[in-house]
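Novice: Sequence:
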Amino acid sequence: MPIIAALILTELIIQAIKTKSPLYVALMDARKAFDIVWHLGLMREMHKFGLTGDNWLFFKRWYENLKSKIKWKGLLSNSIEEQQGVRQGGIWSPTAYKIFINSLLQTFERNQLGACIGPIYCGIPTVADDVALISTDPYELQTMLNVQADHANKLRYLLSEQKSTILVYNDKLPKSWSLNGKSVTLSESAVHLGIDRNITKNAGVKEVVNKRRIPIEGEIHKKILKTFGNIIRNDKSVEREIAFRQLAMKDEKSGSWFTKLHNLTVIYGLPSPYDIIENPPSKISWNRLVNNCINNHFLQNLKKEAKEKSSLKYINFNDSNIGTVHNIWKSSGTDPYSINMAAIKVKIATGIMILQYQRSRFSKNCISAICPLCNIEPEDMTHFILKCEKLSSIRNRFMQELKSLLVDCNKPPLLIQELFDDKENLLHLIIDCTSYHFLTYKEQVRIETLTRGEDDDFIMAKYFSKKVLTHATEDEQKEFIVNSMKNLREKKLNRLSNGQENELTNKDATVEKSKDEHKFIEHHSNAANAKDTDGDVREDYATSAKDKVVLGETTQENEDIITILDGPKHNLLTKLVSIEEIHKQWLQVDTERLEVDKRRLEVEKLR
1 MPIIAALILT ELIIQAIKTK SPLYVALMDA RKAFDIVWHL GLMREMHKFG
51 LTGDNWLFFK RWYENLKSKI KWKGLLSNSI EEQQGVRQGG IWSPTAYKIF
101 INSLLQTFER NQLGACIGPI YCGIPTVADD VALISTDPYE LQTMLNVQAD
151 HANKLRYLLS EQKSTILVYN DKLPKSWSLN GKSVTLSESA VHLGIDRNIT
201 KNAGVKEVVN KRRIPIEGEI HKKILKTFGN IIRNDKSVER EIAFRQLAMK
251 DEKSGSWFTK LHNLTVIYGL PSPYDIIENP PSKISWNRLV NNCINNHFLQ
301 NLKKEAKEKS SLKYINFNDS NIGTVHNIWK SSGTDPYSIN MAAIKVKIAT
351 GIMILQYQRS RFSKNCISAI CPLCNIEPED MTHFILKCEK LSSIRNRFMQ
401 ELKSLLVDCN KPPLLIQELF DDKENLLHLI IDCTSYHFLT YKEQVRIETL
451 TRGEDDDFIM AKYFSKKVLT HATEDEQKEF IVNSMKNLRE KKLNRLSNGQ
501 ENELTNKDAT VEKSKDEHKF IEHHSNAANA KDTDGDVRED YATSAKDKVV
551 LGETTQENED IITILDGPKH NLLTKLVSIE EIHKQWLQVD TERLEVDKRR
601 LEVEKLR
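Sequential numbering of the sequence shown, starting at 1, is according to this note's numbering.
Source of the hints: derived by calculation from the structure; they are not laboratory data.
Some clues are possibly wrong.
[Unchecked claim] In silico DSS-like links for lysine-lysine, alpha-carbon gap of 27 Å or less: (1) Lys283 x Lys307; (2) Lys236 x Lys226; (3) Lys20 x Lys260; (4) Lys303 x Lys442.
[As the list claims (entries may be wrong)] Pairwise CB distance ranges (calculated): (5) Tyr274 x Trp92: 38 to 46 Å; (6) Asn291 x Thr95: 45 to 53 Å; (7) Gln300 x Lys330: 16 to 24 Å.
Even for Gly, the Cβ is constructed at its ideal location relative to N, Cα and C.
Build the full structure now, drawing on both the sequences and the hints.
Specialist: As C-alpha coordinates, this is what we get:
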(Lines of atoms letter the chains of each structure in order from A and count residues from 1; the text may use other names and numbers.)
(Lines give C-alpha, C1' and ligand atoms only; values in the text may rest on other atoms or scores of the structure.)
Protein backbone atom coordinates (compact mmCIF):
# COMPACT_ATOMS: atom_id res chain seq x y z
CA MET A 1 0.00 0.00 0.00
CA PRO A 2 1.33 3.48 -0.85
CA ILE A 3 0.29 4.87 2.51
CA ILE A 4 2.32 2.22 4.38
CA ALA A 5 5.46 2.90 2.33
CA ALA A 6 4.99 6.64 2.93
CA LEU A 7 4.52 5.99 6.66
CA ILE A 8 7.82 4.06 6.89
CA LEU A 9 9.69 6.90 5.19
CA THR A 10 8.00 9.46 7.45
CA GLU A 11 9.04 7.56 10.59
CA LEU A 12 12.66 7.40 9.38
CA ILE A 13 12.70 11.15 8.63
CA ILE A 14 11.16 12.03 12.01
CA GLN A 15 13.67 9.79 13.79
CA ALA A 16 16.57 11.46 11.97
CA ILE A 17 15.30 14.96 12.76
CA LYS A 18 14.72 14.20 16.46
CA THR A 19 18.09 12.47 16.94
CA LYS A 20 19.87 14.96 14.64
CA SER A 21 21.50 12.07 12.79
CA PRO A 22 22.14 12.08 9.03
CA LEU A 23 19.74 10.38 6.64
CA TYR A 24 20.07 9.90 2.89
CA VAL A 25 17.05 9.16 0.71
CA ALA A 26 17.43 8.26 -2.98
CA LEU A 27 14.15 8.40 -4.92
CA MET A 28 14.67 6.28 -8.02
CA ASP A 29 12.91 6.71 -11.36
CA ALA A 30 12.66 3.84 -13.85
CA ARG A 31 11.95 4.93 -17.43
CA LYS A 32 8.55 3.64 -18.54
CA ALA A 33 8.83 0.86 -15.99
CA PHE A 34 5.68 -1.04 -16.95
CA ASP A 35 6.26 -0.70 -20.70
CA ILE A 36 9.75 -2.21 -20.92
CA VAL A 37 9.45 -5.27 -18.70
CA TRP A 38 11.44 -8.08 -20.33
CA HIS A 39 9.09 -11.04 -20.80
CA LEU A 40 11.68 -13.82 -20.42
CA GLY A 41 13.10 -12.07 -17.35
CA LEU A 42 9.58 -11.81 -15.91
CA MET A 43 9.02 -15.56 -16.41
CA ARG A 44 12.32 -16.32 -14.65
CA GLU A 45 11.49 -14.05 -11.71
CA MET A 46 8.06 -15.70 -11.38
CA HIS A 47 9.70 -19.12 -11.20
CA LYS A 48 12.20 -17.90 -8.58
CA PHE A 49 9.30 -16.39 -6.62
CA GLY A 50 7.72 -19.85 -6.34
CA LEU A 51 5.18 -19.77 -9.16
CA THR A 52 5.37 -23.23 -10.78
CA GLY A 53 3.29 -25.78 -12.64
CA ASP A 54 0.08 -24.75 -14.37
CA ASN A 55 0.14 -21.28 -12.82
CA TRP A 56 3.52 -20.51 -14.36
CA LEU A 57 2.42 -22.00 -17.71
CA PHE A 58 -0.69 -19.83 -17.60
CA PHE A 59 1.37 -16.62 -17.37
CA LYS A 60 3.83 -17.88 -19.97
CA ARG A 61 1.01 -18.54 -22.45
CA TRP A 62 -0.61 -15.21 -21.47
CA TYR A 63 2.49 -13.27 -22.58
CA GLU A 64 3.18 -15.27 -25.75
CA ASN A 65 2.37 -13.89 -29.20
CA LEU A 66 1.05 -10.56 -27.91
CA LYS A 67 0.13 -8.26 -30.78
CA SER A 68 -1.21 -4.72 -31.00
CA LYS A 69 -2.60 -2.43 -33.67
CA ILE A 70 -2.59 1.36 -33.93
CA LYS A 71 -5.88 3.08 -34.72
CA TRP A 72 -5.64 6.43 -36.53
CA LYS A 73 -8.60 8.30 -38.01
CA GLY A 74 -10.71 5.18 -38.05
CA LEU A 75 -8.04 3.06 -39.75
CA LEU A 76 -6.03 0.20 -38.21
CA SER A 77 -2.35 -0.50 -38.81
CA ASN A 78 -0.79 -3.91 -39.35
CA SER A 79 -0.23 -6.09 -36.29
CA ILE A 80 2.83 -5.26 -34.17
CA GLU A 81 4.36 -7.98 -32.02
CA GLU A 82 4.87 -7.02 -28.35
CA GLN A 83 8.12 -8.37 -26.92
CA GLN A 84 8.25 -6.38 -23.68
CA GLY A 85 6.00 -4.67 -21.14
CA VAL A 86 3.20 -5.96 -18.94
CA ARG A 87 -0.30 -6.15 -20.40
CA GLN A 88 -1.90 -2.70 -20.41
CA GLY A 89 -4.93 -2.57 -18.12
CA GLY A 90 -4.51 -6.19 -17.04
CA ILE A 91 -5.71 -6.97 -13.54
CA TRP A 92 -2.55 -9.02 -12.88
CA SER A 93 -0.15 -6.44 -14.34
CA PRO A 94 0.69 -4.61 -11.06
CA THR A 95 1.27 -7.96 -9.33
CA ALA A 96 3.46 -9.13 -12.21
CA TYR A 97 5.65 -6.03 -11.87
CA LYS A 98 5.95 -6.54 -8.10
CA ILE A 99 7.26 -10.05 -8.73
CA PHE A 100 9.58 -8.65 -11.40
CA ILE A 101 11.18 -6.22 -8.90
CA ASN A 102 10.98 -8.52 -5.85
CA SER A 103 14.47 -10.02 -6.23
CA LEU A 104 15.97 -6.54 -5.81
CA LEU A 105 14.12 -6.01 -2.53
CA GLN A 106 15.19 -9.42 -1.25
CA THR A 107 18.83 -8.65 -2.05
CA PHE A 108 18.77 -5.46 0.02
CA GLU A 109 16.98 -7.06 2.96
CA ARG A 110 19.14 -10.20 2.95
CA ASN A 111 22.31 -8.10 3.14
CA GLN A 112 20.75 -5.50 5.49
CA LEU A 113 21.62 -2.64 3.16
CA GLY A 114 19.76 0.46 4.28
CA ALA A 115 18.27 2.16 7.31
CA CYS A 116 16.53 0.47 10.23
CA ILE A 117 14.12 1.51 12.95
CA GLY A 118 15.62 -0.27 15.91
CA PRO A 119 16.12 -3.88 14.75
CA ILE A 120 13.45 -3.58 12.01
CA TYR A 121 14.77 -3.27 8.45
CA CYS A 122 13.19 -0.34 6.55
CA GLY A 123 15.82 0.40 3.88
CA ILE A 124 13.75 0.16 0.69
CA PRO A 125 10.02 1.04 1.00
CA THR A 126 8.64 0.36 -2.47
CA VAL A 127 5.31 0.59 -4.30
CA ALA A 128 5.53 -0.88 -7.83
CA ASP A 129 8.05 1.30 -9.70
CA ASP A 130 8.36 3.93 -6.91
CA VAL A 131 11.56 2.77 -5.20
CA ALA A 132 13.17 4.65 -2.31
CA LEU A 133 16.69 3.74 -1.15
CA ILE A 134 17.24 4.94 2.43
CA SER A 135 20.47 4.82 4.40
CA THR A 136 22.17 6.51 7.34
CA ASP A 137 25.60 6.20 5.68
CA PRO A 138 26.57 7.92 2.40
CA TYR A 139 28.87 5.07 1.31
CA GLU A 140 26.18 2.50 1.97
CA LEU A 141 23.78 4.52 -0.20
CA GLN A 142 26.30 4.40 -3.07
CA THR A 143 26.45 0.62 -2.67
CA MET A 144 22.66 0.46 -2.86
CA LEU A 145 22.70 2.55 -6.05
CA ASN A 146 25.24 0.16 -7.59
CA VAL A 147 23.14 -2.88 -6.66
CA GLN A 148 20.03 -1.41 -8.28
CA ALA A 149 21.97 -0.43 -11.41
CA ASP A 150 23.26 -4.01 -11.70
CA HIS A 151 19.72 -5.37 -11.25
CA ALA A 152 18.43 -3.01 -13.96
CA ASN A 153 21.13 -4.11 -16.41
CA LYS A 154 20.46 -7.79 -15.72
CA LEU A 155 16.67 -7.50 -16.19
CA ARG A 156 16.91 -5.00 -19.07
CA TYR A 157 15.12 -1.96 -17.66
CA LEU A 158 16.46 1.59 -17.55
CA LEU A 159 17.05 3.99 -14.67
CA SER A 160 16.90 7.74 -15.27
CA GLU A 161 19.87 9.56 -13.75
CA GLN A 162 18.25 12.93 -14.50
CA LYS A 163 14.90 12.20 -12.82
CA SER A 164 16.29 10.22 -9.89
CA THR A 165 17.15 12.47 -6.96
CA ILE A 166 18.64 12.33 -3.47
CA LEU A 167 17.48 14.14 -0.30
CA VAL A 168 20.04 14.72 2.45
CA TYR A 169 18.89 15.30 6.04
CA ASN A 170 21.11 16.70 8.81
CA ASP A 171 24.34 16.69 6.80
CA LYS A 172 25.60 19.98 5.36
CA LEU A 173 28.92 18.60 4.11
CA PRO A 174 29.09 18.28 0.31
CA LYS A 175 28.34 14.79 -0.94
CA SER A 176 27.96 13.22 -4.38
CA TRP A 177 26.60 9.92 -5.70
CA SER A 178 26.67 8.32 -9.13
CA LEU A 179 24.45 5.94 -11.08
CA ASN A 180 25.88 4.10 -14.10
CA GLY A 181 28.83 6.50 -14.03
CA LYS A 182 26.63 9.61 -14.07
CA SER A 183 26.09 12.01 -11.19
CA VAL A 184 22.73 11.91 -9.40
CA THR A 185 21.01 15.21 -8.63
CA LEU A 186 20.70 16.42 -5.04
CA SER A 187 17.47 18.27 -4.22
CA GLU A 188 15.91 20.13 -1.32
CA SER A 189 12.48 18.69 -2.12
CA ALA A 190 10.97 15.90 -4.20
CA VAL A 191 7.68 14.05 -4.65
CA HIS A 192 7.38 10.47 -3.45
CA LEU A 193 4.05 8.62 -3.67
CA GLY A 194 2.25 11.92 -4.17
CA ILE A 195 3.75 13.51 -1.05
CA ASP A 196 6.13 16.46 -1.17
CA ARG A 197 9.24 15.51 0.78
CA ASN A 198 11.73 18.20 1.73
CA ILE A 199 14.72 18.55 4.00
CA THR A 200 12.95 20.90 6.44
CA LYS A 201 11.38 19.76 9.70
CA ASN A 202 7.77 19.66 8.44
CA ALA A 203 8.69 16.60 6.33
CA GLY A 204 6.18 17.54 3.67
CA VAL A 205 3.08 17.47 5.86
CA LYS A 206 2.01 21.06 5.21
CA GLU A 207 2.28 20.65 1.45
CA VAL A 208 0.09 17.55 1.46
CA VAL A 209 -2.68 19.28 3.37
CA ASN A 210 -2.61 22.33 1.12
CA LYS A 211 -2.58 20.36 -2.11
CA ARG A 212 -5.35 18.00 -1.17
CA ARG A 213 -7.37 20.77 0.43
CA ILE A 214 -8.87 18.56 3.14
CA PRO A 215 -11.50 20.88 4.67
CA ILE A 216 -12.39 18.79 7.73
CA GLU A 217 -9.83 17.84 10.33
CA GLY A 218 -11.92 14.88 11.37
CA GLU A 219 -11.66 13.26 7.95
CA ILE A 220 -7.87 13.27 8.23
CA HIS A 221 -8.06 11.71 11.68
CA LYS A 222 -10.41 9.02 10.38
CA LYS A 223 -7.85 8.06 7.75
CA ILE A 224 -5.08 7.90 10.36
CA LEU A 225 -7.03 5.72 12.77
CA LYS A 226 -8.32 3.38 10.05
CA THR A 227 -4.79 3.01 8.69
CA PHE A 228 -3.61 2.00 12.15
CA GLY A 229 -6.33 -0.65 12.21
CA ASN A 230 -5.05 -2.04 8.91
CA ILE A 231 -1.49 -2.11 10.25
CA ILE A 232 -2.18 -4.04 13.45
CA ARG A 233 -4.37 -6.60 11.64
CA ASN A 234 -1.54 -7.43 9.21
CA ASP A 235 0.38 -10.11 11.10
CA LYS A 236 4.12 -10.59 10.48
CA SER A 237 4.37 -7.34 8.51
CA VAL A 238 7.14 -4.77 8.81
CA GLU A 239 4.70 -1.98 9.60
CA ARG A 240 3.20 -3.97 12.51
CA GLU A 241 6.66 -4.55 13.96
CA ILE A 242 7.36 -0.82 13.65
CA ALA A 243 4.08 -0.07 15.45
CA PHE A 244 5.06 -2.35 18.37
CA ARG A 245 8.50 -0.79 18.67
CA GLN A 246 7.49 2.85 18.35
CA LEU A 247 4.65 2.57 20.86
CA ALA A 248 7.02 0.87 23.31
CA MET A 249 10.07 3.10 22.82
CA LYS A 250 8.83 6.58 21.87
CA ASP A 251 7.28 9.29 24.01
CA GLU A 252 4.99 12.15 22.97
CA LYS A 253 7.90 14.50 22.30
CA SER A 254 9.47 12.14 19.76
CA GLY A 255 7.10 13.25 16.99
CA SER A 256 6.46 9.66 15.91
CA TRP A 257 3.30 9.01 13.93
CA PHE A 258 2.29 6.32 16.41
CA THR A 259 2.54 8.61 19.45
CA LYS A 260 0.40 11.18 17.64
CA LEU A 261 -2.06 8.38 17.02
CA HIS A 262 -2.27 7.74 20.76
CA ASN A 263 -3.16 11.40 21.32
CA LEU A 264 -6.00 11.10 18.79
CA THR A 265 -7.50 8.13 20.64
CA VAL A 266 -7.51 10.21 23.83
CA ILE A 267 -9.23 13.15 22.11
CA TYR A 268 -12.00 11.03 20.59
CA GLY A 269 -12.44 8.60 23.48
CA LEU A 270 -11.26 5.57 21.52
CA PRO A 271 -9.44 2.53 22.94
CA SER A 272 -5.73 3.11 23.41
CA PRO A 273 -3.46 1.61 20.73
CA TYR A 274 -1.56 -0.09 23.59
CA ASP A 275 -4.75 -2.01 24.44
CA ILE A 276 -5.79 -3.15 20.96
CA ILE A 277 -2.47 -3.84 19.26
CA GLU A 278 -2.31 -7.39 20.66
CA ASN A 279 -5.97 -8.20 19.94
CA PRO A 280 -7.02 -5.93 17.07
CA PRO A 281 -10.75 -5.50 16.39
CA SER A 282 -12.25 -6.49 13.07
CA LYS A 283 -12.13 -4.00 10.23
CA ILE A 284 -15.89 -3.38 10.20
CA SER A 285 -16.22 -2.87 13.97
CA TRP A 286 -13.12 -0.64 14.19
CA ASN A 287 -14.15 1.56 11.27
CA ARG A 288 -17.67 1.89 12.67
CA LEU A 289 -16.32 2.84 16.10
CA VAL A 290 -13.94 5.42 14.58
CA ASN A 291 -16.69 6.99 12.47
CA ASN A 292 -19.16 7.18 15.36
CA CYS A 293 -16.69 8.64 17.88
CA ILE A 294 -15.28 11.27 15.51
CA ASN A 295 -18.70 12.25 14.16
CA ASN A 296 -20.09 12.60 17.68
CA HIS A 297 -17.06 14.65 18.80
CA PHE A 298 -17.39 17.20 16.01
CA LEU A 299 -21.18 17.27 16.27
CA GLN A 300 -20.99 18.19 19.95
CA ASN A 301 -18.40 20.87 19.21
CA LEU A 302 -20.61 22.21 16.43
CA LYS A 303 -23.61 22.43 18.73
CA LYS A 304 -21.51 24.12 21.40
CA GLU A 305 -20.31 26.75 18.92
CA ALA A 306 -23.84 27.24 17.57
CA LYS A 307 -25.13 28.06 21.06
CA GLU A 308 -22.70 30.97 21.18
CA LYS A 309 -23.93 32.42 17.86
CA SER A 310 -26.84 34.81 18.33
CA SER A 311 -27.62 34.65 14.61
CA LEU A 312 -28.51 30.94 14.97
CA LYS A 313 -30.94 31.27 17.85
CA TYR A 314 -33.99 30.55 15.67
CA ILE A 315 -32.72 27.30 14.14
CA ASN A 316 -33.00 23.96 15.90
CA PHE A 317 -29.50 22.48 15.96
CA ASN A 318 -30.03 20.31 19.06
CA ASP A 319 -31.70 17.58 16.99
CA SER A 320 -29.08 17.70 14.24
CA ASN A 321 -27.16 14.57 13.29
CA ILE A 322 -24.31 13.87 10.90
CA GLY A 323 -25.69 12.85 7.52
CA THR A 324 -29.29 14.04 8.06
CA VAL A 325 -31.01 16.83 6.11
CA HIS A 326 -32.83 19.62 7.92
CA ASN A 327 -36.60 19.64 7.56
CA ILE A 328 -36.54 22.99 5.72
CA TRP A 329 -34.84 21.28 2.79
CA LYS A 330 -36.29 17.81 3.30
CA SER A 331 -39.90 19.04 3.14
CA SER A 332 -39.32 21.11 -0.01
CA GLY A 333 -38.99 18.05 -2.25
CA THR A 334 -37.94 18.60 -5.86
CA ASP A 335 -40.40 21.32 -6.84
CA PRO A 336 -38.42 24.39 -8.10
CA TYR A 337 -40.77 26.87 -6.41
CA SER A 338 -40.49 25.04 -3.08
CA ILE A 339 -36.70 24.92 -3.36
CA ASN A 340 -36.47 28.67 -4.05
CA MET A 341 -38.70 29.44 -1.07
CA ALA A 342 -36.69 27.03 1.11
CA ALA A 343 -33.50 28.87 0.14
CA ILE A 344 -35.04 32.13 1.36
CA LYS A 345 -36.12 30.52 4.59
CA VAL A 346 -32.66 29.08 5.18
CA LYS A 347 -31.22 32.59 4.93
CA ILE A 348 -33.65 33.72 7.61
CA ALA A 349 -33.00 30.70 9.85
CA THR A 350 -29.21 31.01 9.64
CA GLY A 351 -29.21 34.78 10.13
CA ILE A 352 -27.62 35.71 6.80
CA MET A 353 -30.58 37.71 5.51
CA ILE A 354 -29.41 41.29 5.96
CA LEU A 355 -32.02 43.59 7.48
CA GLN A 356 -31.70 47.25 8.33
CA TYR A 357 -30.54 46.48 11.87
CA GLN A 358 -27.56 44.48 10.55
CA ARG A 359 -26.75 47.14 7.96
CA SER A 360 -26.57 49.69 10.75
CA ARG A 361 -24.23 47.54 12.84
CA PHE A 362 -21.94 46.73 9.91
CA SER A 363 -21.67 50.42 8.96
CA LYS A 364 -21.01 51.49 12.58
CA ASN A 365 -24.35 53.32 12.71
CA CYS A 366 -23.68 55.30 9.53
CA ILE A 367 -26.86 53.71 8.16
CA SER A 368 -30.09 54.03 10.09
CA ALA A 369 -31.50 50.88 11.68
CA ILE A 370 -35.08 52.16 11.38
CA CYS A 371 -37.36 50.12 9.14
CA PRO A 372 -37.64 51.95 5.78
CA LEU A 373 -41.24 50.77 5.34
CA CYS A 374 -42.90 51.91 8.55
CA ASN A 375 -40.23 54.29 9.92
CA ILE A 376 -41.24 53.36 13.47
CA GLU A 377 -38.60 51.09 15.01
CA PRO A 378 -35.42 49.18 14.11
CA GLU A 379 -35.89 46.49 11.49
CA ASP A 380 -34.71 43.28 13.14
CA MET A 381 -36.10 39.79 12.58
CA THR A 382 -38.91 40.22 15.09
CA HIS A 383 -40.01 43.50 13.53
CA PHE A 384 -39.73 42.20 9.97
CA ILE A 385 -41.81 39.06 10.52
CA LEU A 386 -44.22 40.04 13.31
CA LYS A 387 -44.50 43.78 13.89
CA CYS A 388 -44.08 45.95 10.80
CA GLU A 389 -47.42 47.69 10.22
CA LYS A 390 -46.88 48.13 6.51
CA LEU A 391 -46.78 44.36 6.07
CA SER A 392 -49.78 43.64 8.28
CA SER A 393 -52.12 42.89 5.37
CA ILE A 394 -49.88 40.03 4.25
CA ARG A 395 -49.02 38.92 7.78
CA ASN A 396 -52.58 38.79 9.16
CA ARG A 397 -53.77 36.42 6.47
CA PHE A 398 -50.79 34.15 7.04
CA MET A 399 -51.20 34.15 10.84
CA GLN A 400 -54.85 33.18 10.50
CA GLU A 401 -53.93 30.25 8.28
CA LEU A 402 -51.18 29.18 10.67
CA LYS A 403 -53.56 29.24 13.63
CA SER A 404 -56.18 27.31 11.65
CA LEU A 405 -53.58 24.69 10.79
CA LEU A 406 -52.73 24.17 14.47
CA VAL A 407 -56.44 23.87 15.27
CA ASP A 408 -56.80 21.27 12.51
CA CYS A 409 -53.92 19.36 14.12
CA ASN A 410 -56.02 19.13 17.34
CA LYS A 411 -53.58 21.14 19.45
CA PRO A 412 -54.94 22.47 22.80
CA PRO A 413 -56.26 26.06 22.60
CA LEU A 414 -54.11 27.12 25.55
CA LEU A 415 -51.00 25.85 23.77
CA ILE A 416 -51.90 27.71 20.59
CA GLN A 417 -52.59 30.87 22.56
CA GLU A 418 -49.25 30.61 24.35
CA LEU A 419 -47.42 30.22 21.04
CA PHE A 420 -49.05 33.29 19.52
CA ASP A 421 -48.79 35.49 22.62
CA ASP A 422 -45.02 35.09 22.98
CA LYS A 423 -43.13 36.59 20.04
CA GLU A 424 -40.04 34.42 20.54
CA ASN A 425 -42.13 31.24 20.54
CA LEU A 426 -43.97 32.41 17.44
CA LEU A 427 -40.72 33.18 15.61
CA HIS A 428 -39.42 29.71 16.42
CA LEU A 429 -42.65 28.21 15.10
CA ILE A 430 -42.48 30.17 11.83
CA ILE A 431 -38.75 29.93 11.14
CA ASP A 432 -38.00 26.38 12.37
CA CYS A 433 -40.84 24.43 13.92
CA THR A 434 -38.74 21.29 14.50
CA SER A 435 -37.75 22.59 17.94
CA TYR A 436 -41.32 21.89 19.13
CA HIS A 437 -41.44 18.15 19.76
CA PHE A 438 -45.20 18.11 20.35
CA LEU A 439 -45.55 18.40 16.57
CA THR A 440 -45.48 15.20 14.56
CA TYR A 441 -43.34 14.99 11.43
CA LYS A 442 -46.44 15.32 9.23
CA GLU A 443 -47.48 18.45 11.12
CA GLN A 444 -43.97 19.90 10.80
CA VAL A 445 -44.12 19.34 7.04
CA ARG A 446 -47.47 21.15 6.85
CA ILE A 447 -46.13 24.12 8.82
CA GLU A 448 -42.98 24.27 6.70
CA THR A 449 -45.14 24.19 3.58
CA LEU A 450 -47.30 27.04 4.82
CA THR A 451 -44.39 29.20 5.97
CA ARG A 452 -42.77 28.82 2.53
CA GLY A 453 -45.83 30.49 0.99
CA GLU A 454 -47.25 27.30 -0.51
CA ASP A 455 -50.78 25.98 -0.20
CA ASP A 456 -51.14 23.48 2.61
CA ASP A 457 -54.05 21.50 1.14
CA PHE A 458 -52.49 21.14 -2.27
CA ILE A 459 -49.14 19.98 -0.95
CA MET A 460 -50.67 17.54 1.52
CA ALA A 461 -52.95 16.13 -1.17
CA LYS A 462 -49.89 15.51 -3.30
CA TYR A 463 -47.96 14.16 -0.29
CA PHE A 464 -50.58 11.51 0.49
CA SER A 465 -51.70 10.75 -3.06
CA LYS A 466 -49.27 7.86 -3.59
CA LYS A 467 -50.14 6.22 -0.28
CA VAL A 468 -53.90 6.75 -0.57
CA LEU A 469 -54.44 6.19 -4.28
CA THR A 470 -52.13 3.27 -4.97
CA HIS A 471 -54.30 0.66 -3.17
CA ALA A 472 -57.70 2.39 -3.51
CA THR A 473 -60.57 1.40 -5.78
CA GLU A 474 -61.44 3.52 -8.80
CA ASP A 475 -64.44 5.11 -7.03
CA GLU A 476 -62.33 5.90 -3.94
CA GLN A 477 -59.63 7.44 -6.11
CA LYS A 478 -62.14 9.66 -7.91
CA GLU A 479 -63.80 10.72 -4.65
CA PHE A 480 -60.44 11.58 -3.09
CA ILE A 481 -59.43 13.85 -5.97
CA VAL A 482 -62.78 15.64 -6.22
CA ASN A 483 -63.02 16.22 -2.45
CA SER A 484 -59.44 17.49 -2.27
CA MET A 485 -60.07 19.97 -5.06
CA LYS A 486 -63.41 21.02 -3.58
CA ASN A 487 -61.96 21.68 -0.11
CA LEU A 488 -59.08 23.58 -1.60
CA ARG A 489 -61.42 25.68 -3.72
CA GLU A 490 -63.72 26.54 -0.83
CA LYS A 491 -60.80 27.63 1.30
CA LYS A 492 -59.45 29.89 -1.44
CA LEU A 493 -62.86 31.37 -2.11
CA ASN A 494 -63.45 32.23 1.55
CA ARG A 495 -60.05 33.82 1.87
CA LEU A 496 -60.50 35.78 -1.34
CA SER A 497 -63.99 37.03 -0.52
CA ASN A 498 -63.00 38.13 2.99
CA GLY A 499 -59.95 39.96 1.73
CA GLN A 500 -61.75 41.68 -1.16
CA GLU A 501 -64.68 42.84 0.98
CA ASN A 502 -62.24 44.50 3.33
CA GLU A 503 -60.59 46.22 0.40
CA LEU A 504 -63.84 47.57 -1.02
CA THR A 505 -64.83 49.16 2.29
CA ASN A 506 -61.79 51.41 2.17
CA LYS A 507 -60.45 52.62 -1.20
CA ASP A 508 -57.45 54.34 0.29
CA ALA A 509 -56.46 51.18 2.14
CA THR A 510 -56.38 49.28 -1.13
CA VAL A 511 -54.13 51.82 -2.81
CA GLU A 512 -51.88 52.02 0.26
CA LYS A 513 -51.61 48.24 0.40
CA SER A 514 -50.42 48.15 -3.20
CA LYS A 515 -47.78 50.76 -2.45
CA ASP A 516 -46.63 48.92 0.66
CA GLU A 517 -46.25 45.66 -1.21
CA HIS A 518 -44.25 47.47 -3.88
CA LYS A 519 -41.90 48.96 -1.25
CA PHE A 520 -41.56 45.58 0.43
CA ILE A 521 -40.56 44.00 -2.86
CA GLU A 522 -37.99 46.67 -3.71
CA HIS A 523 -36.43 46.57 -0.25
CA HIS A 524 -36.07 42.79 0.14
CA SER A 525 -35.82 41.45 -3.39
CA ASN A 526 -32.01 41.14 -3.32
CA ALA A 527 -31.83 39.40 0.04
CA ALA A 528 -34.58 36.96 -0.86
CA ASN A 529 -33.53 36.34 -4.48
CA ALA A 530 -36.96 37.47 -5.60
CA LYS A 531 -37.99 37.79 -9.24
CA ASP A 532 -37.65 41.04 -11.19
CA THR A 533 -41.23 41.91 -12.06
CA ASP A 534 -43.69 43.18 -9.46
CA GLY A 535 -46.33 40.71 -10.51
CA ASP A 536 -44.02 37.73 -10.15
CA VAL A 537 -42.81 38.88 -6.74
CA ARG A 538 -46.36 39.31 -5.48
CA GLU A 539 -46.94 35.71 -6.45
CA ASP A 540 -43.98 34.69 -4.25
CA TYR A 541 -44.92 36.76 -1.19
CA ALA A 542 -48.69 37.31 -1.38
CA THR A 543 -50.22 34.34 -3.20
CA SER A 544 -48.70 31.01 -4.04
CA ALA A 545 -48.38 29.59 -7.51
CA LYS A 546 -51.15 27.15 -6.62
CA ASP A 547 -53.61 30.09 -6.25
CA LYS A 548 -53.52 30.71 -9.97
CA VAL A 549 -54.30 27.09 -10.69
CA VAL A 550 -57.30 27.07 -8.35
CA LEU A 551 -58.62 30.38 -9.69
CA GLY A 552 -58.28 29.25 -13.29
CA GLU A 553 -55.78 31.94 -14.31
CA THR A 554 -53.30 29.69 -16.08
CA THR A 555 -53.31 27.47 -19.12
CA GLN A 556 -51.33 24.93 -17.09
CA GLU A 557 -54.15 24.35 -14.58
CA ASN A 558 -55.00 20.90 -15.91
CA GLU A 559 -51.39 19.73 -15.72
CA ASP A 560 -50.97 21.15 -12.21
CA ILE A 561 -54.15 19.47 -11.01
CA ILE A 562 -53.08 16.11 -12.35
CA THR A 563 -49.74 16.34 -10.48
CA ILE A 564 -51.74 14.92 -7.58
CA LEU A 565 -52.06 11.75 -9.60
CA ASP A 566 -48.36 10.96 -9.97
CA GLY A 567 -48.75 7.40 -8.79
CA PRO A 568 -48.58 4.19 -10.80
CA LYS A 569 -52.25 4.64 -11.89
CA HIS A 570 -51.69 8.06 -13.47
CA ASN A 571 -53.32 7.31 -16.83
CA LEU A 572 -56.33 5.58 -15.25
CA LEU A 573 -57.03 8.44 -12.86
CA THR A 574 -56.68 11.01 -15.61
CA LYS A 575 -59.56 9.31 -17.42
CA LEU A 576 -61.67 9.03 -14.27
CA VAL A 577 -61.39 12.70 -13.26
CA SER A 578 -62.16 14.55 -16.46
CA ILE A 579 -61.34 18.19 -16.90
CA GLU A 580 -64.96 18.92 -17.85
CA GLU A 581 -66.23 17.73 -14.44
CA ILE A 582 -63.75 19.93 -12.61
CA HIS A 583 -64.71 22.94 -14.72
CA LYS A 584 -68.39 22.43 -13.93
CA GLN A 585 -67.67 22.41 -10.19
CA TRP A 586 -65.66 25.61 -10.51
CA LEU A 587 -67.90 27.56 -12.86
CA GLN A 588 -69.74 29.42 -10.12
CA VAL A 589 -66.55 30.43 -8.35
CA ASP A 590 -65.05 31.71 -11.62
CA THR A 591 -68.08 33.94 -12.09
CA GLU A 592 -67.62 35.42 -8.63
CA ARG A 593 -63.96 35.92 -9.40
CA LEU A 594 -64.82 38.03 -12.45
CA GLU A 595 -67.07 40.25 -10.35
CA VAL A 596 -64.29 40.81 -7.85
CA ASP A 597 -61.91 41.74 -10.67
CA LYS A 598 -64.34 44.35 -11.94
CA ARG A 599 -64.51 45.95 -8.50
CA ARG A 600 -60.74 45.91 -8.28
CA LEU A 601 -60.48 47.79 -11.56
CA GLU A 602 -62.90 50.41 -10.28
CA VAL A 603 -60.74 50.94 -7.21
CA GLU A 604 -57.64 51.31 -9.37
CA LYS A 605 -59.32 53.97 -11.50
CA LEU A 606 -59.97 56.05 -8.39
CA ARG A 607 -56.23 56.41 -7.80
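Novice: Which hints, by number, does the structure contradict?
Specialist: 1 and 6
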